[in-house]
Amino acid sequence: NAGVTQTPKFQVLKTGQSMTLQCAQDMNHNSMYWYRQDPGMGLRLIYYSASEGTTDKGEVPNGYNVSRLNKREFSLRLESAAPSQTSVYFCASSPGTGNGNQPQHFGDGTRLSIL
Amino acid sequence: LAKTTQPISMDSYEGQEVNITCSHNNIATNDYITWYQQFPSQGPRFIIQGYKTKVTNEVASLFIPADRKSSTLSLPRVSLSDTAVYYCLVGDIGLTDSWGKLQFGAGTQVVVTP
Numbered sequence: 002n003a004g005v006t007q008t009p010k011f012q013v014l015k016t017g018q019s020m021t022l023q024c025a026q027d028m029n030h031n032s033m034y035w036y037r038q039d040p041g042m043g044l045r046l047i048y049y050s051a052s053e054g055t056t057d058k059g060e061v062p063n064g065y066n067v068s069r070l071n072k073r074e075f076s077l078r079l080e081s082a083a084p085s086q087t088s089v090y091f092c093a094s095s096p097g098t099g100n101g102n103q104p105q106h107f108g109d110g111t112r113l114s115i116l
Numbered sequence: 000l001a002k003t004t005q006p007i008s009m010d011s012y013e014g015q016e017v018n019i020t021c022s023h024n025n026i027a028t029n030d031y032i033t034w035y036q037q038f039p040s041q042g043p044r045f046i047i048q049g050y051k052t053k054v055t056n057e058v059a060s061l062f063i064p065a066d067r068k069s070s071t072l073s074l075p076r077v078s079l080s081d082t083a084v085y086y087c088l089v090g091d092i093g094l095t096d097s098w099g100k101l102q103f104g105a106g107t108q109v110v111v112t113p
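Protein sequence lines, in the order shown, are assigned to chains A and B.
Going by the working numbering, the letters in the first sequence line up with residues 2 to 116, in that order.
Going by the working numbering, the letters in the second sequence line up with residues 0 to 113, in that order.
Incorrect hints may have been included.
Facing chain A, from chain B, some residues (calculated, C-beta under 10 Å) [as the list claims (entries may be wrong)]:
no.	residue
1	Gln41
2	Gly42
3	Leu79
4	Gln102
5	Phe103
6	Gly104
Residues of chain A clear of chain B, computed beta-carbon distances all greater than 10 Å [claimed, not checked]:
no.	residue
7	Gln12
8	Leu14
9	Thr16
10	Gly54
11	Ser76
12	Gln105
13	Ser114
Honestly, the hints are just simulated from the structure, not real lab data.
Just so you know, even glycine gets a beta-carbon here, dropped at the ideal spot from N, CA and C.
Please build the complete structure, drawing on both the sequences and the hints.
Okay, structure coming up:
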């Protein structure tokens, strides 16, 4: 009953370091998403993958890259971390079958601090 | 993409019914209305989704008037554990190119007190 699993749960980086956030889902969903959430704000979409093998930019893609490794896994990479990227990062997935019922299932987040 | 407007915060007492109204004046014909709940230190959780009239599940009810320009999430007899942020989203979730465009606003912070 894992759903969406994110690793790590917490991370502290220094400015300029690189890091990859991992996300895996076990629901056989086609679509996966990466969001960031800053204090007191809603979620903002960074990148999404509508299906295995495709990725697209969301609202705030600058400074990030993603890889849809396979149907289960969608990773988010920070090549050169900046303090402005301090945030809570959420991964989500949805069935993506085009049947009109597409609720997203979220992981519990990765809390990332960049000093 | 339909923009949504909802109150920033609402306070309630245990046992009361809480109604959160979301305005979406430019909702499109194919758009669905979806509500999520988020507790501190957790990801959002899907609550309910609807297209028109009324939808009810074990957690909440969603009322959508005929013109669909607003919707109301109703939480019956709230408890302390219903304290959370509630998000209203509107979009055509049946289209591939819309999946990445659903936007979470700041949501409504609901605080339930004894």
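We went through each hint and held it up to the structure:
For B:Gln41, the interface hint holds, since its Cβ comes within 10 Å of a Cβ in chain A; the closest pair sits about 6 Å apart. A distance limit of 10 Å between C-beta atoms decides the matter here; for B:Gly42 the minimum to chain A is near 3 Å, and the interface restraint holds. With its C-beta approaching chain A no nearer than about 21 Å, B:Leu79 sits outside the 10 Å limit, and its interface hint is violated. Hint on B:Gln102 holds. Least Cβ distance to chain A is approximately 7 Å, under the 10 Å limit.
Restraint check, B:Phe103 versus chain A: the minimum CB separation of about 4 Å is within 10 Å; hint holds. A least Cβ separation of about 5 Å between B:Gly104 and chain A falls short of the 10 Å threshold, and the interface hint therefore holds. No Cβ of chain B approaches the Cβ of A:Gln12 within 10 Å, the least distance being about 15 Å, so the stated non-interface status holds. No beta-carbon of chain B comes within 10 Å of the beta-carbon of A:Leu14; the shortest separation is about 20 Å.
Chain B leaves A:Thr16 outside its interface by the beta-carbon criterion, the shortest separation being 25 Å against a cut-off of 10 Å. Non-interface status of A:Gly54 relative to chain B is upheld: no Cβ of that chain comes within 10 Å, the nearest being about 13 Å off. At roughly 17 Å from the closest C-beta of chain B, the C-beta of A:Ser76 stays outside 10 Å, upholding its exclusion from the interface. Against chain B, the non-interface label of A:Gln105 is violated: not every CB pair exceeds 10 Å, the least being about 7 Å.
Distance check on A:Ser114: its Cβ is at least 15 Å (rounded) from any Cβ of chain B, clearing the 10 Å threshold; non-interface status holds.
Hint compliance for this structure: hints 3 and 12 are broken, all remaining hints hold.
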